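Asker: Chains as they are written, first to last, in our numbering: chain A, 59 to 395; chain B, 5 to 163.
Hint data in this document are derived by calculation from the structure and do not stem from the laboratory. Take these hints with a grain of salt, some might be off.
[Unchecked claim] Restricting the straight-line Cα-Cα distance to at most 25 Å, the calculated cross-link-like pairs of lysine to aspartate or glutamate (DMTMM-like) are:
id, chain 1, residue 1, chain 2, residue 2
1, A, Lys315, B, Glu108
2, A, Lys309, B, Glu143
3, A, Lys309, B, Asp115
4, A, Lys315, A, Glu208
5, A, Lys309, B, Asp32
6, A, Lys315, A, Asp222
7, A, Lys340, B, Glu108
8, A, Lys315, A, Asp281
9, A, Lys315, A, Glu117
10, A, Lys340, A, Asp187
11, A, Lys340, A, Asp351
12, A, Lys315, B, Glu55
Keep in mind it's a predicted model, so treat the numbers as computed, not measured.
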Amino acid sequence: MASSRPRLRVLDFGTVSPLRSQTLWHALGYGETGSAATLSFARPQSPYVCLGLHRNAEELDSVAVDRYQLPVYRRMVGGGPVYLDPDQLFFQISLPVSQVPPRRSQALAELLAPAVRALVRLGVPAVLDEHGEISVDGRKVCGHGAGQIEDTVLVVGNLITGFDHERAAAVLRVSSPATRAEVLRLMRRYVAATPVDPNAWRQAMVEEYAAQLGADTLPGRLDTDEQAAVHRLDALFTSAEWLQGTPRPAKPVRTIKIRAGVWVHEWDHPDACTVLSIADGKVDNVLVEPRGDRTPTPALTSLVGAAVDDARTALSAAATAPLAAALAATQPGQVSA
Amino acid sequence: MTSENTLHNDELLVAGFPVRSDRYYDRDNHVWLLPMPDGRVRIGLDALNVETTGTLAGLGFLPVGSVLRRGGTYGSLEAAKYVGPLLTPISGIFAAGNEAVLAEPGLVTADPYGAGWLAELEPTDFDAELPLLLHTEAELRSWFSATVTDYRSRGLIAE
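Throw the hints in and build the complete structure from the sequences for me.
Answerer: Here is the structure:
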């Protein structure tokens, strides 16, 4: 007698081109399989850069991107610009929107919980931390994003088995070498690799997601509609218009997220380039590079160690209001950016 | 008659959430619609939608002139790295996106019924579709309080 339990379709795309490492799983939103939950895996065969749906292409350092010969694609889910390479194993869980809690933070927590448990099974003491990141001892070990395509919710992540901090920092546009050095310093501190066995991880993921959904697993393949969608998405993702995205007003302060709760703010203004980084709810570092013979005021380095709210208050005067506004948008607990 | 829970003109407090009674609501998507003097309709998210969405990080809109059917997508909204569709409560031509929320998405959270409006449409089937939306104070109170109770029972929002 056939089981009445729901099915979890499992797809392993294997090692694929950078483009297909995006378009294959996006196509899951366009399938006829509709009601089936799907867990899929892919690994890009070479490095590339990927932009979140709502991010400006100008956030990338085009010189570095060209130097490393990195393709750039824009995904349909959230998050910032990221450097991706074969040392990152991608996973995607997709579900009909009707089966996902309407509160987004809760949906993410529920749909990332099996990924955390899979790591724990492999001996990695991972947690879904208070910022919504999968981390070990405060260091992010797995990126993620989510989106709704048609009537399907997709939560996607990448297990970082090796991480090229230098390239990840190099592809982000900044005004000053000091900013890039600060980004790199914090990336090294807060983004870490987890060198687990890929096959064991994949098996643990399948079992944990099946348990979470109360489902029987079923190896599968893309259906006809999904295959057609892959070809449409290939064309879309390689079009200049899609890559450019919707123009957005530039902000006076450039904010780079290292991981949720850890930010580098760069304020490039006529007197100086000011770099202010936030970690653990406090100002972690302040760097001020004066322009020419100008003297930047006020002295900001005294803010190091201050709580974010106190720093924001101290910066609220007109002369530094842009920095205060940037801090307000990246308060502790803020997970989006 | 003015309810004892009425905060000021047109604003009700239902189960702890503000609801503006001067506009129409899509019960499924928690989206409001306000007819404008020039014949357009303005749309935005209600307070419960804002609460469950979380801190906004970004939005995007379809091009002006896009033809929309009721329930269709006119843009996207990102919170917690989660991108979801913006759904129109009425059919129409996409006339304008709110440039202010593109620049500062936090406006939607801070003032969902005012400065945080999202878009304006030129409706194409207004008379037929408007009755599908909720509007009377009794309808709004019943619908909104039932949804809040449901969400609280499921742990989706705080007690």
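Asker: State for each hint whether it applies.
Answerer: Structure-based check of each hint:
1. A:Lys315 x B:Glu108: holds (17 Å)
2. A:Lys309 x B:Glu143: violated (42 Å)
3. A:Lys309 x B:Asp115: This hinted pair holds, its Cα atoms lying about 21 Å apart.
4. A:Lys315 x A:Glu208: violated (29 Å)
5. A:Lys309 x B:Asp32: violated (35 Å)
6. A:Lys315 x A:Asp222: holds (16 Å)
7. A:Lys340 x B:Glu108: Holds, at roughly 24 Å.
8. A:Lys315 x A:Asp281: violated (37 Å)
9. A:Lys315 x A:Glu117: Cα-Cα ~12 Å, so holds.
10. A:Lys340 x A:Asp187: This hinted pair holds, its Cα atoms lying about 17 Å apart.
11. A:Lys340 x A:Asp351: violated (31 Å)
12. A:Lys315 x B:Glu55: Holds. A:Lys315 to B:Glu55 sits at ~24 Å (cutoff 25 Å).
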